[in-house]
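Student: Each chain is listed here by its residues.
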Amino acid sequence: MNLWLIPIFPLLGSAINGVFGRRLPKQVVNLVAVGSVLLSFLWVLKTLSAAWPLESAVKESYFTWIQSGNLQIGCDLMVDRLTAVMLLVVTGVGALIHIYAIGYMAHEGGYYRFFSYLNLFMFFMLVLVLGANFLLLFVGWEGVGLCSYLLIGFYFLEKFAGDAGKKAFIVNRIGDFGFSLAMFLIFVNFGTLDFGRVFTSAKSMTPEAGVGVITVICLLLMVGAAGKSAQLPLYVWLPDAMAGPTPVSALIHAATMVTAGVYMVTRSAALFHLAPVAMNVVAIIGLATAFFAATIGLVQNDIKKVYAYSTVSQLGYMFLGCGAGAFSAGIFHVMTHAFFKALLFLGAGSVIHACAGEQDLRYMGGLRKYTPITMITLLCASVAIAGVPPFSGFFSKDEILAAAYEHAPWMYWVGVFTAGMTAFYVFRAFFLAFAGQYRGPNPHAAGHGHGDDHGHGHGKPHESPLVMTVPLMILAIGSLAGGFINIPKWLEPMYPLAEGPENHMLVYISVAAGLIGIAIAFFLYVVKPSLAESLASALSGPYKLLYNKYFVDEVYDATIVHPLEEGSRTVLWRGVDAGVIDGTVNGVGARARGMGNVLRLLQGGNIGGYAAWVVLGSLLVILYVGLGVGR
Amino acid sequence: MLDARGGDLDEPRFDTVFRISLYSVRGFSAHFPALRHFMPNSYTELYFPVLVQAIIAMALAAGLIAASALLGKRAKSPLKDTPYESGMVPSGSARERFSVKFYLVGMVFILFDIEAIFLYPWAVVYRQLKLFGFVEMLLFIVLVLVGFFYVWKKGALDWSKPESARKVVK
Amino acid sequence: MPLANFIPTADDYLRYLPEIILTVVGVVIMFLEAVGGERRKPALGWLAGAGLLAAIWGSVVALGVGGTGFQNMVIVDGFATFFRILVLVIGLLTIVSSTQYLDREKANAGEFHALLLFSIAGQCVMASANELIMVFIGLEISSIASYILAGYLRDDRRNNESALKYFLLGSFATAFLLYGVAWVYGLTGSTNLAEVRRVLMTPESAPNLVLMGTAAALMFVGFAFKVSAAPFQVWAPDVYQGAPAPVSAFMSTGPKAAAFAVFLRVFITAFGPIATRWEPFVWGSAIATMIVGNFAALTQTNIKRLLAYSSIAHAGYVLVAVTAHSEIGTAAAMFYLAAYAFMQIGAFAVVTWFSRQGEKFVNVDDLAGLGERQPMVAAMLTIFLLSLIGVPLTGGFFGKFYIFRAALDSNLVWLTVIGLLNSAVAAYYYLRLIVVMYMKEPGAATENIGPVSAGLRVAILGSALATLVLGIFPSLVLDFAGRSAALVK
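Protein chains in written order, with the numbering used here: chain A, 1 to 631; chain B, 632 to 801; chain C, 802 to 1290.
None of these hints come from the bench; they were simulated from the model. Any given hint could be a false lead.
What the hints assert, rightly or not - The calculated lysine to aspartate or glutamate pairs, modelled on EDC-like cross-linking and capped at a C-alpha distance of 16 Å, are:
1) 785(B) - 912(C)
2) 784(B) - 956(C)
3) 166(A) - 176(A)
4) 907(C) - 956(C)
Said to hold, decoys possible - The calculated label-pair distances, taken between Cβ atoms and stated as ranges, are:
5) 1269(C) - 107(A): 31 to 37 Å
6) 110(A) - 1210(C): 38 to 44 Å
7) 743(B) - 1252(C): 44 to 50 Å
8) 873(C) - 692(B): 41 to 47 Å
9) 1215(C) - 770(B): 52 to 58 Å
10) 1252(C) - 733(B): 43 to 49 Å
11) 608(A) - 692(B): 21 to 27 Å
12) 1269(C) - 681(B): 57 to 63 Å
13) 63(A) - 743(B): 50 to 56 Å
From a predicted model like this one, the values you see are computed outputs, not experimental measurements. Beta carbons are placed, not taken as given, at the ideal position from N, Cα and C, and that holds for glycine.
Given only the sequences and the hints, what does the whole structure look like? Please build it.
Tutor: Now the structure itself:
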């Protein structure tokens, strides 16, 4: 079926744009970038229709990648129903975001570089979901991390962007460390890294024999997932990652890359099933993340920050689903979230574009007049994320919350409360941007410090071009109707659904929580805007705490970053490096250079001397043999 | 096969000189069986006399030169140091500079001269090789002609053309 | 043998397809160079590139036929095909990386490309030689063309010096090789490698093995010269420094790879039975080569000369694999030569671009600030240097890894230890380049640096990609090498 073609198209696109992009006209860069992703999307469709209904996994082995001792790792790609969902999300949403980026990046420098990175990201993401063993998954995992780093720091001239990139990279390293350890343990225990073989032998394990080590493996995998998918306590990089261009935020930091952790946990479900403790940890981390991130999101003023914390929170939901044993619900939420969160970010990008680079909600308002399409599409996304039936977010969130109730009722209640907050902050952002009067300075002066530098001198806010709004509309349709694609049913052969009567009460309560959240937002930001201000000042303590994100960054700085820096400066650099290592190296270096000087004397440049060397060498060799020294 | 004591020496691989020498040794030892143990049974031993002879020859030559240098009378005069030119008085230095064109033509001549030599063995076996031989030689001639053409176009055969106008490598 | 037996079959020609293609295209280029005008000169480069591509295709076709041809003169097996394709790819990279150089020095002429093709044809002959005479002929075709290439800019004094030294010493060493061939023929009555091996294994040859060892030693001198192994390496620094940078890149990879190919084939096939005799001096030479190359490189200030010494050092590593004379040793040597070719050509391509007209900037210190001025090129050069050091995820790492593993498998513990110590020394002078590039303020050489031409860009990126691919997917090449490493059937 030539699965390899799926990732290879974006790789080629990346190579072409990376090498020749500077010379190529923009149209060609666009064509290559978008075309390669579209081709890959079409090939996914063709593959899936050929393999329909994909009862069992399709695996293709290309060559032995690494062969060393009893470690044998093949370059194998695999498609099963789980991969199929991920493939469609990645290539489908990816293609839309690529198209959108054409419009969004139109005035940016380094245009070809951007698309080259973006295509490279697609390549690694596809390798991640297609890989049939842990190592290949890890390659994709590291690759998307690299691309994310490159793209966050895309505006590398701004210190903020560079710092954000570094932060993402370093925090992810912590997670990757966990993941690598998990891989070593898997190899040590199962003797292979191939998904199929690991999971079959895991299934045949007796609970007593392996539960300890499997729990450790699962916890380590979760550390990896927490890094990549921005869960407590490693979520700090994701909000800062919004320094990258908005299409990047949508593609990488909302729709695809950050869900890699969920994918990985779901893929390893066979292991997690054996480790109830680890499952519980996953559920608790997910729930805690969902809750904390949502509270922070309540008060943020930067529109992208609001959505960023919302992403962290929604990812928490997904882990809650996985931890509660409803892996298919987690993946379902991955898909619906890809639609509505990508749409939220792209819509935010459109708003920012309209306001000439302004990201602060306080300086927006009244945009409904100027950007009607963006408003309608953003409304679609907002109702979807708020869990209003019958839109997509409702279905997936409902599945997760139902599973949480089965798992532990208190988790359900926290989840419902979080859903209410979600509805509130999303609509708060929506109303702040579109309702009321335009609060921005007019004509617009310089941009707002950091983030997208999008100042290209507009007078009034204006609607984005068609190339940006059409993807918005398609995503809007997905956000509204995506819930009717019954992913849990599709994944049932792999992840059996929980039996039991449906508890309709739970559904009503969660819907009600969402509607209440919307209502409060409407009341505070449309009906009585002054009330929000006074509320904030009345509750200034909690407000400051939330606004400053619980001071987590500051705490990390004070407890980890600063001592580390100090320590490495005084101990490692001054002491160990300059003293011990440099001393040794320089000493050895001096000896070596001395020897080099002697050798240089042999190289006089005189050809007669050289010929003499040849004769001398030959005599040596011949005499050695001729005298029979070598037997 | 390398056996001097009566092994099969009719292997066609061996070069004639070696075969003859071994034959003679074998014939000799056939008459004196007692000598067999002194007969060479490898190249090393077979050529050992040659080595001895070479050393003696070198020693003799070196000795003679040394002896004449040590014992001979030396009479130095400017006339004696002049190069010998069939008894004529030398006119000017022997290290005369020739035009570089001479070397170029000389080299080209030698090259084509040597190529032409290939025609002789070919002519001898032409009948046996039939068409194949003809085609092969045709190809060879074409290659030589291309070379000739190249040399010609580059002006290597043009004696009167000034050096600067030639463009082998610009 | 009746004369009619000498008439080759159609399959024989197919087995020699790459050499035939290269020769024909080379001759056509010479012809067009003579008749064509100035305008058509760039087309000749394209033609040469097309010829090389066609020859790669031809190598695949030849492998499809396989076996020995032309009365056992030629053998087409996986080993031969590996080296044929390797030298052809080296040729392609040389052509693309020389375009800017030739334009810059105003020396774009068909001769360059024709000579390159002839040299590569000679290397292909070497790769597929099954006969000492073919080894010699291939070596000469390859060498004579590269002698001229070394002095390609004939008005440049450094080029002249380089060519003259290369030629004189090269022919000197070839004479040793030829003398060795004569000895082999005298002792065994054959120049066919398999036949020589057969004779050496018969008990009757036992008394002559000392002389056979001497013959091997004489041939070793010739090969060691071509691969620049100590103590026959003295020519390499002067020649590589003086020759045009793209030619140095070519000479330090293509002829070297081909010479190692025949070295391995002759010593493992023909001289395999007397391995105990030649192993010690190859062992000694490997150690001496690594030490001389690495330690002399420490004090170099000229990048080309530094790369020349590094090229000597790398020959030493491959000699370690030869000393192992096992199948995995052969496979390791094959892999190493491929990996080495890409990193060396890549590094030289950067030097070609950087040195500017007349090769003004070839000092290590000239690189100062390159990382700031041209981050992309600096990153690529860093990849090549890291690969030359042997850092993981680059081809150089797996090359060294496989070589030292092969050496350990053959119980060459000391050789492995010395080799590893040498790679540690090597890290010093490569890292120095990286430090200069990234940590020093830009100087005169890095200011106003021109763009990288399309051809050089292809060469640099292609080499970097190949270096990384070999470092990440070593089995792509190693599998094939492992399957073709069985020289003795």
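Student: Against the range 31 to 37 Å, how does the distance between the Cβ atoms of residue 1269(C) and residue 107(A) compare: consistent or not?
Tutor: holds, 34 Å
Student: With respect to the beta-carbon atoms only, verify the hint that residue 608(A) and residue 692(B) lie 21 to 27 Å apart.
Tutor: Since the Cβ atoms of residue 608(A) and residue 692(B) sit about 24 Å apart, the hinted range of 21 to 27 Å holds.
Student: Is it true that the C-beta distance of residue 1269(C) to residue 681(B) lies inside 57 to 63 Å, as the hint says?
Tutor: For residue 681(B) against residue 1269(C), whose Cβ atoms are near 59 Å apart, the range 57 to 63 Å holds.
Student: Taking 43 to 49 Å as the hint, is the beta-carbon distance of residue 1252(C) and residue 733(B) inside that range?
Tutor: holds, 46 Å
Student: Return holds or violated for the Cβ distance of residue 1215(C) and residue 770(B) against the range 52 to 58 Å.
Tutor: holds, 53 Å
Student: Has the hinted range 41 to 47 Å been met by the Cβ atoms of residue 873(C) and residue 692(B)?
Tutor: With Cβ atoms ~44 Å apart, the hint holds.
Student: Sort out whether residue 176(A) lies within 16 Å of residue 166(A), counting only the CA atoms.
Tutor: holds, 15 Å
Student: Compare the distance between the alpha carbons of residue 785(B) and residue 912(C) with 16 Å, and conclude whether the hinted pair is satisfied.
Tutor: Status holds; Cα separation ~11 Å.
Student: Do the beta carbons of residue 110(A) and residue 1210(C) sit within 38 to 44 Å of each other?
Tutor: This hint is violated: roughly 50 Å between Cβ atoms.
Student: Holds or violated: residue 907(C) with residue 956(C), Cα cutoff 16 Å?
Tutor: holds, 12 Å
Student: With respect to the beta-carbon atoms only, verify the hint that residue 63(A) and residue 743(B) lie 50 to 56 Å apart.
Tutor: holds, 53 Å
Student: Per the hint of 44 to 50 Å, is the separation of the Cβ atoms of residue 743(B) and residue 1252(C) within bounds?
Tutor: holds, 46 Å
Comparing the model with each numbered hint stated earlier shows that hints 2, 6 do not hold.
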